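Whenever a hint applies, use it, and build me the whole structure from the sequences.
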Amino acid sequence: MSETMFFGEPDPDLNSGHILDWLEDSIPYLPSLLDDLYGSTDIINDPWWVPTQELEQDLIDANNTSTSNSVENLTSSVSSPTITAPTDLLILSNEPQLPVSDLSKKRKAPEDHMPQPAPQGKKSTGNKKGTGKSTKDNCINGNNKEGRWAEQLLNPCAAAITSGNVTRVQHLLFVLHELASPTGDANYRLASHGLQALLHHLSSSTNSPTKVLTPAISFDTATPKFFQRSLINFNDINPWFTIPFNIANNAILQVLSEHDHGSRRNLHILDIGVSHGFQWPTLLEALSSRPGGPPPLVRVTVVPPTLENHQLPFANCPPGYNFASYILRFAKDLNINLQINRLDNCPLQNLNTHIINSSPDETLIVCAQFRLHYLNHTKPDTRTEFLKLMRSMEPQGVILNDNDMDCSCSNFDAGFSQSLDYLWSFLDSTSVAFKGREMEERKLIEGEAAKALINTFEMNEKKEKWGERMRGVGFLENAFSEDVVDQARALLKKYDTHWEMRVEEKDGSVGLWWKGQSVSFCSLWKIDAKTSDS
Amino acid sequence: MKRNHIITSDVTGKAKKTMWDEEDAGVDELLAVLGYKVKSSDMVDVAQKIEHLEGVLGNDDGLSLLASDSVHYNPSDLSSWLESMISELNPTTQPPIIDDSFMNIANTSSSSSAGASASSSYNPNPNPNPVVIVDSQENGIRLVHTLMACAEAVQQENLALAENLVKQAGMLAVSQAGAMRKVATYFVEALARRIYRLSPKPPQDSPAFQDLLQMHFYETCPYLKFAHFTANQAILEAFAGKKKVHVIDFSMKQGMQWPALMQALALRPGGPPTFRLTGIGPPSGDNTDHLQEVGWKLAQLADTIHVEFEYRGFVAESLADLEPAMLDLREDEVVAVNSVFELHQLLARPGAVEKVLSAVKEMKPEILTVVEQEANHNGLVFLERFTESLHYYSTLFDSLESSGNGGGGVDGGAISPASNQDKIMSEVYLGKQICNVVACEGPDRVERHETLTQWKSRLDSAGFEAVHLGSNAFKQASMLLALFAGGDGYRVEENNGCLMLGWHTRSLITTSAWKIR
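Chains as they are written, first to last, in the working numbering: chain U, 1366 to 1899; chain X, 95 to 611.
It is worth saying that the hints were derived from the structure and are not from the lab. Predicted model, so just to flag it, every value in this text is computed and none were measured. Glycine included, every Cβ here is placed at the ideal spot set by N, Cα and C. Mixed in with the good hints there might be a few duds.
[Unchecked claim] Listed next, with one range per pair, are the computed distances between beta-carbon atoms:
| no. | chain 1 | residue 1 | chain 2 | residue 2 | range |
| --- | --- | --- | --- | --- | --- |
| 1 | X | G564 | U | S1528 | 20 to 28 Å |
| 2 | X | E478 | U | S1775 | 27 to 35 Å |
| 3 | X | T547 | U | S1775 | 40 to 48 Å |
| 4 | U | S1775 | X | P537 | 45 to 53 Å |
| 5 | U | S1528 | X | T547 | 27 to 35 Å |
| 6 | X | Q250 | U | G1685 | 46 to 54 Å |
| 7 | U | E1803 | X | P537 | 46 to 54 Å |
| 8 | X | T547 | U | T1532 | 37 to 45 Å |
| 9 | U | S1775 | X | E448 | 49 to 57 Å |
| 10 | X | A334 | U | T1532 | 48 to 56 Å |
| 11 | X | P377 | U | S1528 | 53 to 61 Å |
This is the structure we're talking about:
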């Protein structure tokens, strides 16, 4: 499989081909180095190398000839008998006293907790595939930052910007330009998105006429059809949203069964989310197959982000995209009485029972997914204000689902680093999901995720902090029912094995993890009876 | 204190493209180190322009395909270069191919980080008139940044990053021309060896092969000639009026230093002294007694010019193994000890230099002549060594390039095949040093060049004091350089009585002379 991936991908590893070429061009004792480096004759049979070399030759030919002249002379002089001696000068070294071996010791230290299938030794003895693959796939080896080289350039650059070190910023921008690429493994992509974000930051931090920069491809600019196809495909191969959606839907059923006790109340969902309607068909299906049938009326009130939040990742959709008609038709087929309302340009802070038109005789469930983290949580604390407001609407349940990330609003480079961490997980898992294939759909989804790097409203918090806030305004955390967790687990099985779900024992929330790193959390909240009277 | 004597013939106004430009106000520090003029004036400005550029390019995916002409950019000033690119991209006419640039980020084509240069130049079915000029200076800037970043990644043990950068640097090196391509290629190779732990282990080459390379180096450029000449001057002055003289040479090699001294002694007013030479060298490794062979040749020469000559070859694994008692020192002779590019190797073995210097003292020399590379390639921090050596060898390769081209050779004409081979072998000679400085560690790292200041304090504490190489030596060295065509760019400098030979502003080797205090 690794082979097909390697050959199947046209571009990202061009580099390793060229290193051979220049070495061959210019170093007299090259052959032994090549043997050491790549240790096999595969290279010759490898269809990947041959055309590259020819092209390289073309390049040299097209170039000023003085360069290639000296190359020829160099190689020809090597064949003269006086200097054929040094073939033995390269001895593959396995001895621990060599410089890098103590590196490997140091590098291993922090990662005791995880198995390391491909230790350093593999590289030194390695063949071409060993070394080539290690760059592309080393992400697979760990839940730590091993092999995540893009951040090793982006973070120092952000830090240099903060400290005002012009020379260093310029140097790192140069280097990022060298390595960044919109294609290739997650590192190249992260470097590319990160570089754009840094340039954006640099140009917007001056008083020059600021322009709002969005990544070239994002939800806002896609065609509705392409947008739809991309999201469906993405949700099919990456559980980033699918699992939260699944948990939310089943939690809605859980709340419903806990509240209506057989009485047939209307269901009202306040949709503050990023699902763009893709979440609801499965819910409607589940409702229609409930014992006793679906609620007499199902209402979905959608609150899209306001215009000023157009950089909130995944929250926007292309102009003209409207999922209501699809869903309504679907509901009709299922004999569900569905009503969809869309509150355009309505800031979250303005919501109230009147605006959402809720009534006491319906079951109101708030579904807040990947949206509330944009609310300011420092000064002014609009986040807590909104949670209070939500409490005042007296919903029967709140499903809170967001990124599980540290607060990142302290300064530019700390926040940038957090966002890179987030984007790494996204790009890495998406790379695995697409099996490394380059597709327009992938670009769209990734471009949308990359908004997190330039969105100044990204104010994430860890799930514990969210819990504190919710409790503080009078909500009580409820555990998801076993059924909810089991169904999500079953669904997750269809995705890559690096994904896992972890149920927090003390509060019952569910976390979604990629390669040992928490990505998002889902929690279920109900009004604290002790506070409901006051 | 420091007198700068610039020996430049400045014969022609020919626009030799040099990596070295001396006006350097406000340039990118990193690039200035290697002689590039890139104004670091305003990074925000640059960033904005880059971004603008990307914006412009991002609007048209097929931009580069429309191109019909090649454009050669010379971005010695990054800022104005970007400006020019932008103005060309907002135009009425068809946009040009930009052979390599920053735009590959915005470019939605599937070109890899190899950059637009790769995607356009490697296109097997290129446009009808696909003349793409790779701008070596632009790529040079990228190359230097990439090399430095790679070394930093090695330093920080970020091997995945280092691996990517070394590959990129390798590609950029290929797109270079001239000295930059060569020196960068050696550095890339050395970095790759360090990253992949393929550092060469001693014994690397037979001494005969090393001697051979050094002879080519001797032929190609004036550094070794200068070294031999200045050391000989000092020795000659120390031997003035003496009847029996004895040179103990730590760096015998092929004995190239001594014919000139013997001739000078032969012409000495009052007749030549008895000349005794002890040549020390490593075992040959192939059972030949090359030290003896060299001695025979020198004896023949001595016979021809009527100098009474006595020779002994002395094989030693290391100079540190040398005991003065072995050398058959005689009461009635005056001793000179000579070492060219040898002492720094002792720094790889703790205590070795001290041991050798104390042995030298026991030899009671009238004079000790030392030639060493004028650089600090023995710092504790890898990144510093790397930076210093990149600077040093870039300069050396640049000077080598100039002596090979046009101005090179006494006849000044076209390059003969032989001189071209000399040049290539000289590059191999220096490339091996680069590899050692960058890829080796511990006792394997023997190219531990240190500066005159460092040697001075070391020799001071060993009980030696500096002997001023007279102004006579300086004048003669200067004359030698002037005679050596291609002296344009070389310069001799006197520093505290020592003589340095450098290329433009950078001193590269130093001859110093010492006596027991």
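Evaluation of the provided hints:
no.	hint	verdict
1	X:G564 <-> U:S1528: 20 to 28 Å	52 Å, violated
2	X:E478 <-> U:S1775: 27 to 35 Å	33 Å, holds
3	X:T547 <-> U:S1775: 40 to 48 Å	46 Å, holds
4	U:S1775 <-> X:P537: 45 to 53 Å	48 Å, holds
5	U:S1528 <-> X:T547: 27 to 35 Å	32 Å, holds
6	X:Q250 <-> U:G1685: 46 to 54 Å	49 Å, holds
7	U:E1803 <-> X:P537: 46 to 54 Å	49 Å, holds
8	X:T547 <-> U:T1532: 37 to 45 Å	27 Å, violated
9	U:S1775 <-> X:E448: 49 to 57 Å	54 Å, holds
10	X:A334 <-> U:T1532: 48 to 56 Å	53 Å, holds
11	X:P377 <-> U:S1528: 53 to 61 Å	55 Å, holds
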